[in-house]
Structure formats: structure tokens, C-alpha cells
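Going down the list, the sequences are from chains B and W. Counting from 1, position 241 in the first sequence corresponds to residue 241 in our numbering; the numbering is continuous, with no gaps. Counting from 1, position 11 in the second sequence corresponds to residue 11 in our numbering; the numbering is continuous, with no gaps.
Keep in mind that the hints were calculated from the coordinates and are not lab data. Computed from a prediction, not measured in an experiment: that's the story for all the values here. Ideal placement from N, C-alpha and C gives every residue a C-beta, glycine not left out. Do not rely on the hints blindly, as some may be mistaken.
[To be verified] A partial selection of chain W residues facing chain B, derived with a Cβ cut-off under 7 Å: (1) D25; (2) R39; (3) V52; (4) N57; (5) V58; (6) D59; (7) V61; (8) T137; (9) R155; (10) R159.
This is what each chain is made of:
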Amino acid sequence: KKMTNDNLNKLLVFCVLFCAQKTSIVHGAQALETKVALLLHAEPENPKCFAEGMSDLTCFWEEDEERAGSADQYSFIYTYQNENSSECSITALPAAGGKRLYFCRLSQTQLFVPLDIRVFRDDLLIHNRSLFIEAVFLLDPPANLTLTSTGMQGQLKASWLPPSLKYMGDSMMYEVSYAMAGSHIGKVEEVQASSELILRGLQSGTKYKVRIRVKLDGISYSGYWSAWTDPVLMETMPGDLDPLIVSLSLIISLVLTLLSLLVLMSHRRFLLKKIWPIIPTPESKFQGLFKVYGGDFQEWLGHSTGGLWLRPTYFYSEEFPVPLEVLSEVSLGPALPSSALPPKASEALGEEEDEDKKLKRVDPALMEGWRKTPQEHWTMDQLRAIHQHPAPWTQSSLLESHDAYVTLNAQNHSVEEPLDDILEETLPLQVLFASGRTSSESRSDLGSVQQSSGSGRLSSQSSFEYPNHTWPSKGPGYTYMAVADSGVSMDYSPMSSNKIDDIGKGVIYTNEYKNEIPAHRRPIGTPIHFAF
Amino acid sequence: MCVCVCPRAGLPSPVRPICDPRVLDRFIMEARDTETALRGCKAGCGVTGTFVVPLTNVDFVVWETKDTEEQALEVQSGMSLFGQALGAVRESVSRVAVQILIDNNKSNIHSLGQVLRSLHIQDLPLPPAPAVGDLVTRKVSSLSELLHVHTNFLRGKVRLLLTNAPACQQNST
Numbered sequence: 001k002k003m004t005n006d007n008l009n010k011l012l013v014f015c016v017l018f019c020a021q022k023t024s025i026v027h028g029a030q031a032l033e034t035k036v037a038l039l040l041h042a043e044p045e046n047p048k049c050f051a052e053g054m055s056d057l058t059c060f061w062e063e064d065e066e067r068a069g070s071a072d073q074y075s076f077i078y079t080y081q082n083e084n085s086s087e088c089s090i091t092a093l094p095a096a097g098g099k100r101l102y103f104c105r106l107s108q109t110q111l112f113v114p115l116d117i118r119v120f121r122d123d124l125l126i127h128n129r130s131l132f133i134e135a136v137f138l139l140d141p142p143a144n145l146t147l148t149s150t151g152m153q154g155q156l157k158a159s160w161l162p163p164s165l166k167y168m169g170d171s172m173m174y175e176v177s178y179a180m181a182g183s184h185i186g187k188v189e190e191v192q193a194s195s196e197l198i199l200r201g202l203q204s205g206t207k208y209k210v211r212i213r214v215k216l217d218g219i220s221y222s223g224y225w226s227a228w229t230d231p232v233l234m235e236t237m238p239g240d241l242d243p244l245i246v247s248l249s250l251i252i253s254l255v256l257t258l259l260s261l262l263v264l265m266s267h268r269r270f271l272l273k274k275i276w277p278i279i280p281t282p283e284s285k286f287q288g289l290f291k292v293y294g295g296d297f298q299e300w301l302g303h304s305t306g307g308l309w310l311r312p313t314y315f316y317s318e319e320f321p322v323p324l325e326v327l328s329e330v331s332l333g334p335a336l337p338s339s340a341l342p343p344k345a346s347e348a349l350g351e352e353e354d355e356d357k358k359l360k361r362v363d364p365a366l367m368e369g370w371r372k373t374p375q376e377h378w379t380m381d382q383l384r385a386i387h388q389h390p391a392p393w394t395q396s397s398l399l400e401s402h403d404a405y406v407t408l409n410a411q412n413h414s415v416e417e418p419l420d421d422i423l424e425e426t427l428p429l430q431v432l433f434a435s436g437r438t439s440s441e442s443r444s445d446l447g448s449v450q451q452s453s454g455s456g457r458l459s460s461q462s463s464f465e466y467p468n469h470t471w472p473s474k475g476p477g478y479t480y481m482a483v484a485d486s487g488v489s490m491d492y493s494p495m496s497s498n499k500i501d502d503i504g505k506g507v508i509y510t511n512e513y514k515n516e517i518p519a520h521r522r523p524i525g526t527p528i529h530f531a532f
Numbered sequence: 001m002c003v004c005v006c007p008r009a010g011l012p013s014p015v016r017p018i019c020d021p022r023v024l025d026r027f028i029m030e031a032r033d034t035e036t037a038l039r040g041c042k043a044g045c046g047v048t049g050t051f052v053v054p055l056t057n058v059d060f061v062v063w064e065t066k067d068t069e070e071q072a073l074e075v076q077s078g079m080s081l082f083g084q085a086l087g088a089v090r091e092s093v094s095r096v097a098v099q100i101l102i103d104n105n106k107s108n109i110h111s112l113g114q115v116l117r118s119l120h121i122q123d124l125p126l127p128p129a130p131a132v133g134d135l136v137t138r139k140v141s142s143l144s145e146l147l148h149v150h151t152n153f154l155r156g157k158v159r160l161l162l163t164n165a166p167a168c169q170q171n172s173t
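Work out the full structure, taking the sequences as your base and the hints as a guide.
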């Protein structure tokens, strides 16, 4: 049992050593392959030689597989200054790309003295070189590269183990390469005779990739840059807000806010006008219409009679008040057909079939004459025509019109009465509303009524008050004014009473004004239209 | 650079060991600069004759078998040979620029002796001048080769001696 245990132990130790050696061999082979690749790129002369330690030297050269010979065809002869020549044994190894490498390794060397190297192939010199071994060092990369935090913003501390070469620790220089992870643009810093370096000026909260390589400084010893170490990653400390920057930002924000408020306050009225424009309301013109009667204009009119008279501005618009004067009395004859009305008035009345028929009974000549006349001169010309050619007129057609018209009746009163009293107290005014006709000007055309000679009280009567379609006969004290409504403006033309008398049974449109409006006749909101 | 130690009257004051490798590095660089500057000197800058110089090769395995005194002796004898050779060169050069460079190197050799003294490497009685053909010397026949050997000697044996001087090892630990 004891012997079995001992054998097992030996076997175990052998396996461990073999595995370690195999690992070491594998690792060494990889390192050698890396160095060979480096020198093939960095050294133009042949053979390429490098020293890894204090007393070794490795030389090699490369040849194409096709022309390469066996190792025994080559001889490597080296000679130190003032010494005899020696020969190094050659080893051949296959390489990538159809190449073959030939190696010579010396295990005992002399530094600080020239070394001559000659390579022969079948006694033919193929390579010749003289070098100092202390000038061809190719070291292994530093080991144990570690990144740590320094406790300060934007810094990392890199530390490593230098190659363990006696006498050369203070002759080593290092190159530290660092970049943000994922970036190909980085920085490089050099440090001599040290095993750590603090990287400064890094971004906070960022992951950095660091690697390092080593080389002798070239004063006593020199050589080639080693291979880079495997990169090491580490993230820097997260950044804190600079208190000064925060305070300055707050102050600036406060100042800007105050300035904005000042500007807004200084222009608040202008801004309010732009943002919330005041909607015009006629409430000031119609006292109590909205607040008391809720917008019911008919009811407001019915309850504000005195108010109307107290506010003569109700009758007024931007236009000057037009005096309305009754010029003469004319007894009404048979009513004219509705087609005898001015063209605008005809349109306002609406075209009905009955009226059209009546139109046909009108003297075509007369009608034609009427239609040709411009509206603004209709009154005088038409009246003349009427005087010359009195047309049949039916009261029924007149009254059947759905349009509204106003008649004025002058009553006999004493002349002594002042006009103002008549105006404000004794002038009943009735306005009839037309359906479907808008004429804001009509309303405004309600001018003041003035009494002319001999006229006293004026009263108004609605055409609807004469269901029998007969006009009341008036006394001789009437004066009339012809009014032409073009739809845009109204033309008031005084008519002499004589002419009116002459017209006789001609077409006379009387305006009857009353201050009461039949409620059933007046739809709410319909405008006033005057037809003459 | 000149390292001077001024002896006072009475007992000599102890000198602090000079262990900074940059001191010797400066000597090495100036020797190399002189070698480079005079490499292209025509006709050897007018220098003729032969000069005995020490061997510069260092076998670390062999070197480490020597003790400090043996190493020091080898270094001091070699520095003495270089001093004598540069003195002879100074006599034979006529160009002022060359004279300045040679004088600088001679001054550095003297300063290096002071550095060795600071490391308690006492001046050992030099053995009789080694003859040509000894294993420790060889002969050169040009100024450029003399300066080249001088540089190699400083970079090798002198530096190894100073780097591993016991006085400096005690300061670093």
C-alpha cells in the first residue's frame, strides 16, 4: 500500500510538471511567435537577433519554402571582438505563408562588445551582421497590468510588474496607451523607471481601455518595443456637479426669469389685447337689453318706449339724421301693383306669383320706363310717369306684399307747438319688420321727423291696420317726402304738395310711423325695411 | 558635470554616496556624443599612434562571480588607461573644437573617480600597467576607436559596478 501511494504521488508530480511544462512550452511558443512577428516588421537586417535576458541571444532568418534547404545546409558563425569564432547550431521551423524560419540561440553572451555574425549556406555567405547584444533587447510585456481609482474625478491609476531583469530596472521605459472603450482614438504617455502611472484628464463615468509595453531607454541598454499587453478596462468615477457651476446657473436662470416677468408686465395690456381681444358688444347701445331682457329685443322694445325717445341716439347712426317732412296730402288711389315699386323694393318685397300676374296688367310702357330709370332718380321720374300714365293699382297687391313699409300721417296741430315736443312726445312711430330682408341701413335711416308747414302732430300707421286694404283719406295738411331706397342708401327727395295733388290717384307710398310694433308681426331679430 | 569634494583641514568629512544612475548616464551620453562628433574627423583628427585600452566585454555569469573589489579594480585600471590615452590625444590635437571635447571627457573621468570614492570604493593600488596582450587590455590605433571603447567601458563595467555598489544597495533597501 505504501509503495502504491508513493508511486501514485510520483505519477501525480510527474503529471503536474509535465502539464506545467507543456503549458509553459505552449506559452513560450506563443511568445516566440509574437516576437518573431515583431522583428520581421521592425528589423530590416538579417539575421534578426534579440536578447530576452542578461545572457541570451536568439537569431533567425526567413526563407521561402521552395528555396529553403535543410538545417544542416546552413552554418551560423559568431565572433566577439578580440576572440575566436564560434558556431551556433541551427533549427528550422515552418512558418505561415509558405515560409521557413531558421533559428540560432546563444545561452551565454558578452555585452558591451561588438559581435560579428556570419551565416553560410553550403559554404556560401548569405548573411553578415555586427551588433552589440545590449542594444537588441526585446523584452516580454509587463505583467499584471491593473487599473484602480485614485478617488478623484477623471483619474485612473495604472500599475504593473516590470520585467524581472537584473541591473536594468532603472533603464526601462514604458508606453501607456489609453482610450475610451469602443473608440479607436486614444492617447499615449511615456514613463521611465517606474511601475505605475496616474492617467489624468479622463471623462467622468466613462469606461477606459488601457494597455502598456516596455523598452530599454537606450543609454546603457536599448532594443525594440515589446508587444502590447492585453487591454484592461475600467470605468472612471461618476462626475459631480461643480457647486460653482450650479450656483451660477441658478443665478443666471433667476435673472432671466425676472427680466422676462418685467417685460411681460410692462406689455401686459398689449399682450392681453392680442391674446384675448375684447369682443365688441352692443350692450352699451341697448341698455338693459342683455342684462334685463336676456337679449329679447322685442320685449326690450316693448318695455323701453320712453327709453327710446330718451335716447335719440337709437335712431342715429354715423350718418347725419335726415329730416323727413310731410310735404302734401295726397289721396290714395287704387294701389299700384307691387311691380311698380322701385326695383330694389321689388326685390325686397319678394317676387310672388300673384304679383307677377299683376305685373302683366301694368302698362308695359310704363313698366319699362320705370325699370330703365336708375334707382337714385326713381322718385321724381317715376312720379312724373305716374302723373302722365296712371297705372292701375290694387290695394290688395300692395298689402299682400310681405315686405314692410312705413307710412307717415301728419295731423293738424297748432303751429305753436315746438318741434322738439312733437319730435319727442307726439310722434308715434311704428316700424314694421320684413321677413327675410336685412337692411341695417333701414334702421339707421330712421331720422328725425320734422314737421313742415302746417303740419302738426305726426302719427304713424301700419299698413296692417287696414285690413280692408283701403288707405285712410288724409286731410290736405300732409306733406310727403319721396324716399328711394337703393338698398345701400336712401334718397329723400321732398315732394311739393301740388305735385302730389296732381298725381292724384297716382302711386304714392306713404310712410306710417308708429312707435308700437305689433308683436305678432315682428319676428325677433328681423331688420327694418322701408318701402316707398 | 564636475563633482568636486573639497577636503577640509583636519579629518576628511565623509562624502555622501552618489547612487543616482543619472550621474553616470550623463557621462555615458557625453562620451557617446564625443564619439559621434569625431567619427568623421579627417585623418583621425591628426591623431597618430596606438593606445592601450581595457577590454569592455561583460559576461554576466562571469561578472557575478567576481567580488566588488575585483570589479572595482578592473574598473579603476581601465579608467586609468583611458585617462592616459586621452591625455596623449590632447597633446597631438590642434583643433580647438576637438580639444574642448577631449577636455570634457577627461574631466568626466576625473569626476567618475570621485563618484567611486563616494561609494567607499577606495583607490586601490593599481597593479603594474598591464602589457599588451593581456586578457584585460588591447590596443587601438585611432581616435574614433579609442572613444568607442571608452563609451562601451562606461556603459558596461563601470555602470554595473556603480549600480551594484554595496553603498547604494543599503540606501535603496
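Here is what the structure says about each hint:
| no. | hint | verdict |
| --- | --- | --- |
| 1 | D25 | holds, 5 Å |
| 2 | R39 | violated, 15 Å |
| 3 | V52 | violated, 13 Å |
| 4 | N57 | holds, 4 Å |
| 5 | V58 | holds, 5 Å |
| 6 | D59 | holds, 5 Å |
| 7 | V61 | holds, 6 Å |
| 8 | T137 | violated, 10 Å |
| 9 | R155 | holds, 5 Å |
| 10 | R159 | holds, 5 Å |
When each numbered hint is compared with the structure, violations occur for hints 2, 3 and 8.
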